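Chemist: Chains as they are written, first to last, in our numbering: chain A, 1 to 440; chain P, 1001 to 1311.
Calculated from the structure, these hints are not laboratory results. All of these numbers come straight from a predicted model, not from anything done at the bench. C-beta atoms are modelled at their ideal positions from N, C-alpha and C, and glycine is treated no differently. Mixed in with the good hints there might be a few duds.
[What the hints assert, rightly or not] Covered stretches of chain P, as calculated for chain A (at least 3 residues, CB under 8 Å): (1) 1010-1018; (2) 1068-1077; (3) 1147-1153; (4) 1158-1171.
[Said to hold, decoys possible] Listed next, with one range per pair, are the computed distances between beta-carbon atoms: (5) P:1071 <-> A:391: 21 to 27 Å; (6) P:1074 <-> A:400: 49 to 55 Å; (7) P:1062 <-> A:11: 38 to 44 Å.
[What the hints assert, rightly or not] Far from chain A, by Cβ distances over 12 Å, these chain P residues were calculated: (8) 1004; (9) 1006; (10) 1027; (11) 1047; (12) 1132; (13) 1140; (14) 1141; (15) 1219; (16) 1251.
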Amino acid sequence: MGLATFVGGIHPYEGKELSENQPMEVLMPKGELVFPLSQHIGAPAKALVKKGDQVLAGQKIAEAGGFVSAVVISSVSGTVKGIEKRRMANGGMVDSIIVENDGQYKTAEGIGAERDMDSLSKEEILNIVKEAGIVGLGGAGFPTHVKLAPKNPEKIDYIIINGAECEPYLTSDYRRMIEEPEKVIGGLKAILKLFDGAKGVIGIEDNKPEAIKKMTELVKDEPRIEVCPLKTKYPQGGERTLIYAVTGRKINSSMLPADAGCIVDNVDTAAAIYMAVCRSTPLMTKTVTLTGDAIANTKNYSVLLGTCYQELVDAAGGFKKDPEKIISGGPMMGQALFDLNIPVAKTSSSLTCLSKDDVAAMEPSACIRCGRCVSVCPSRIVPQKMYRAALKHDMDEFVRLNGMECCECGCCSYICPARKPLTQSFKEMRKAVAAARRKG
Amino acid sequence: MNKLLNVSSSPHTRSDVTTRNLMFDVVIAMIPTSLYGIWQFGVSALLILIVTVLSCVLSEYVYEKALHKPITIGDMSAVVTGMILGLNMPPTIPLWIPALGGVFAIIVVKQLYGGLGQNFMNPALAARCFLLISFANKMSSFTLDGVTGATPLALMKSGTVMGPNEISAMFVGRIPGTIGEVSTIALLIGAAYLLYKKVISIRIPGAYIVTFAIFVFIFGGMDLNKVLAHLCGGGLIFGAFFMATDYVTSPITPNGQIVFGVLLGVLTGLFRLFGGSAEGVSYAIIISNLFVPLIERFTLPAAFGKEGKKA
């Protein structure tokens, strides 16, 4: 039997060799730190501090603004300079708490205290996760305490830890898995405490043999945990493709993983859960890969949330070539930035600095109906026809063609010999359809 | 760093597959059968290929120039059309006929409908059928080694029974026919290249050939030799791998490609066994081309997880 995987997908240039052997380094920020109130899916958080307040590292500075929302924690000690709109990686301007770092890193009371997860009840664990401000750190940013509290917890039989890291260039999850595997496993154990009938599976692409080896060794005496090697193929780490590869179950866009008895959390999220539950440390840091051919030294930084991207680049020795494109994230799903005055947010994973923009100069040509978009699509839909509907802005036709099942992975655009902006047009259409549905 | 960086929607990388190198692969795949045709039929075959390619490329250039459209001859698609058209010509045809065919293929069948990707019939085949109807005699007069002779299919039509010797001659290509259709082995080498490079999938040619073989076996008197002669003695292999697989005029849905192949197999069998003419591949393909929108409509794939319900 072959490795677990899915139908479709692509094999883009991986670029992982640039940074995979760089151990994680801790980076301490100098200037001000920016904490956007909306760096998760759901309602924006509500600020608890005002200009002039003193804050400590680990202190809650904004509370959840609704059921689906997340708290925000200050990662440094210092003075609140104000609450103002700042630009985030996705291009939007978001209300953010600005904290002037005093360089002391004084922590709030109780931060770092050891705690035995066996002494905690399910409700206590959930509350700890909630108060730690943990969201899906793989990029989605869905509040983790909401994900961990499904309607029918007894129906959950798989807790899947996503260590696929299928996005090209990214190596932050990989470094986490080989340097701090016990934190990842600890986080998984904490989640398993919430779901008595569930089995824990750590899915890792087979281009990371060392991570597979290490994890397998560490879980060999854990009856409820196993490692599932996955075929290296993009988008293996997508939620739907990962669930299918591990369990053979299929979910569509209107279903949650919980509907298929699964809960999927990223490697970094699991580690964050461990830190919150067992070390009383809320979410203050993020592993960020600094990579690409333009950067002088590739790095895997453990960096405080709120640090400016520019500081990461400066700390790594700047650029060796003029960058033409800098992506927050990887080249398949990351967001291109027009400058580096952007804070590291909970969903940041990488800064990919490319000296050449492959895409800008490309001219779309006529579609020859080669069908490559169809064969690579992991959602098994027909991008070629959806694109025609998108050009006419025909929402009914787009929905009829199952356009809402698109996961925006970018495989179709990647493979298209005519260089059509397929994924881009689908993102627009999906937004338009979702907006129309909300109007009712 | 005061200059603004490039921004665009993800993905920020692209594969190295382009229309041009796909077309180039098809050209490479047609080289074995072209070389065999030139070797067997001589310099006249080479001239015909040059004329059809030039005619197609020039037609595209002149049309686009005259209408102030972007010039697209660089995408190589006109070269492919020209080669397919040339390989579908009898080796002794007067050169003005293939030249006319190239103009018809590009201007009437392709450009008038909007150019690359918009035509609903395979341009080379539509042009071939146009020439077959207009110049029936010249288009169906075949010679081998200077002797005019009937093709294996025409002989079978008039009752000749084919044995193993004749079939192996067909497999190698020592038979009269069009320049590119005669050598089954040369065609299969090119087909293997296209499959290996993943330019085409096996779905259309596989469904086509299997359906056709079953059809001939059942309605042709349960004779395996007859099936083999039908597979190797005419334009079937060339049609199945190089013409039925034309992206523009075949279904884009995977299941639709199977349906398309089955339809081709049945139509070709009907035309060859029960029709007036010995050959049937070209007509079967251009008629099936017309069914492509309908086939696609009924073979839209089920989206991933669509059978699941929201809990």
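Chemist: None of the hints should be skipped; say for each whether it holds.
Modeler: Hints, one by one, checked against the model:
Under a criterion of three residues with beta carbons nearer than 8 Å to beta carbons of chain A, the stated coverage of the region 1010-1018 of chain P is upheld, 8 such residues being counted. Coverage of the region 1068-1077 of chain P by chain A holds. Counting CB-CB distances below 8 Å, 3 residues qualify, and the rule asks for three or more. Chain A is given as covering the region 1147-1153 of chain P, and this is violated because 0 residues of the stretch bring a CB closer than 8 Å to a CB of that chain, at least three being needed. For the region 1158-1171 of chain P, the assignment as covered by chain A is violated, since 0 residues bring a beta-carbon within under 8 Å of that chain's beta-carbons and 3 are needed.
At roughly 24 Å, the beta carbons of residue 1071 of chain P and residue 391 of chain A sit within the given window of 21 to 27 Å. In this structure, residue 1074 of chain P and residue 400 of chain A break the distance hint of 49 to 55 Å, their C-beta atoms being roughly 36 Å apart. Take residue 1062 of chain P and residue 11 of chain A: their Cβ atoms lie about 41 Å apart, and the range 38 to 44 Å holds. Its beta-carbon lying about 4 Å from the closest one in chain A, residue 1004 of chain P breaks the requirement of being farther than 12 Å from that chain.
With a minimum CB-CB distance of about 4 Å to chain A, residue 1006 of chain P fails to clear the 12 Å threshold, and the non-interface call is violated. Every Cβ of chain A is farther than 12 Å from the Cβ of residue 1027 of chain P; the closest lies at roughly 15 Å, confirming the non-interface assignment. Distance check on residue 1047 of chain P: its Cβ is at least 29 Å (rounded) from any Cβ of chain A, clearing the 12 Å threshold; non-interface status holds. With a closest Cβ-Cβ approach of about 26 Å to chain A, residue 1132 of chain P is found to remain outside the 12 Å limit, as its non-interface label requires.
Non-interface status of residue 1140 of chain P relative to chain A is upheld: no Cβ of that chain comes within 12 Å, the nearest being about 32 Å off. Distance check for residue 1141 of chain P against chain A: the nearest CB is about 35 Å away, which clears 12 Å, and the non-interface claim stands. Separation of residue 1219 of chain P from chain A is adequate, the least Cβ-Cβ distance of about 32 Å exceeding the 12 Å criterion. Annotated as non-interface, residue 1251 of chain P brings its C-beta within 12 Å of a C-beta of chain A; the closest such distance is 8 Å.
In the structure shown, a violation is registered for the earlier hints numbered 3, 4, 6, 8, 9 and 16, in ascending order.
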